[in-house]
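Heads up: the sequence shown begins at 1 in full-length UniProt numbering, then just goes up one per residue.
Each statement offered as a hint is correct.
Below, computed lysine-lysine pairings styled on DSS-like, alpha-carbon distance capped at 30 Å:
#1 Lys220 <-> Lys186
#2 Lys225 <-> Lys202
#3 Lys220 <-> Lys197
#4 Lys225 <-> Lys51
#5 Lys224 <-> Lys197
#6 Lys225 <-> Lys170
#7 Lys202 <-> Lys216
#8 Lys220 <-> Lys202
#9 Lys170 <-> Lys186
#10 Lys220 <-> Lys116
#11 Lys51 <-> Lys170
#12 Lys216 <-> Lys186
#13 Lys220 <-> Lys51
#14 Lys186 <-> Lys225
#15 Lys116 <-> Lys225
#16 Lys216 <-> Lys197
#17 Lys186 <-> Lys197
#18 Lys202 <-> Lys224
#19 Lys224 <-> Lys186
#20 Lys51 <-> Lys116
Bear in mind the hints are in silico, worked out from the structure with no lab data behind them.
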Amino acid sequence: MIFLDKELKSLPSKLNHTMMQQGLDQLADITSSEERIIQLLQIYVELFPVKNALLFRYSPLGHLAEGIVSIDSTGINYIFSIRDDVRSLPGIFSAIHEYQAKYIPSQDYLTQLGSKYIPNSDSLYSVLVVPICTGSTVIGYICSNEFDEEVMFHQDLLSDFTRFGNLSGKLFKLTSKIDSTHGLSKRELEVMEELAKGGVIKQLVDILGISETTIKQYVKSVIKKLGVQNRTQAVAELVRRGVIS
Numbered sequence: 001m002i003f004l005d006k007e008l009k010s011l012p013s014k015l016n017h018t019m020m021q022q023g024l025d026q027l028a029d030i031t032s033s034e035e036r037i038i039q040l041l042q043i044y045v046e047l048f049p050v051k052n053a054l055l056f057r058y059s060p061l062g063h064l065a066e067g068i069v070s071i072d073s074t075g076i077n078y079i080f081s082i083r084d085d086v087r088s089l090p091g092i093f094s095a096i097h098e099y100q101a102k103y104i105p106s107q108d109y110l111t112q113l114g115s116k117y118i119p120n121s122d123s124l125y126s127v128l129v130v131p132i133c134t135g136s137t138v139i140g141y142i143c144s145n146e147f148d149e150e151v152m153f154h155q156d157l158l159s160d161f162t163r164f165g166n167l168s169g170k171l172f173k174l175t176s177k178i179d180s181t182h183g184l185s186k187r188e189l190e191v192m193e194e195l196a197k198g199g200v201i202k203q204l205v206d207i208l209g210i211s212e213t214t215i216k217q218y219v220k221s222v223i224k225k226l227g228v229q230n231r232t233q234a235v236a237e238l239v240r241r242g243v244i245s
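Whenever a hint applies, use it, and build me the whole structure from the sequences.
Quick look at the structure:
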């Protein structure tokens, strides 16, 4: 795990450029694409006055955004069930179009992000959007809605968020292994592939050489990662995404 100097985090943001570069440079030594992405979010949360981060990949074709993973005080969660046409989310769309980090105060939430993700008007909150770019192409973005107390999103700080997005995009593209497998392990994929062929759990014990309890744990893990309700939905979702056939 990559840890940053806590004393440096308390310095003015404009002085953190070296630390930002050094932290991101360490990601090149991580061979696992999934681990690299998680470490990226950990660096982001350690470096900036934010308490959570949700990572999305973005396709300019159709303006589709899909959730990948989130990190907060409770740990790591996969958010593959989130899919949006960002043209319906003006705040995010403008950040992508302008290649700039954008802070959306709570009073502008409804006009900038709509009502899709809020149960009632008491749930309005501020949101930060940080585009991840490779050259002139936005390949993803990070969102945060939990911040350190009394943080002020002045232009210098927003510029540093923008810089972070640009440096992140240069390190790797989000069309990596975590995208193609959607965060599933090799064993989880093997189990789901056999189920897609019509196999039942008792048969998989002999086919894969693992216990029935372990197979059920793999299935439960896949259901959670995909954000679906049951095994049938998990198989259908993986087939739809082209992960299994």
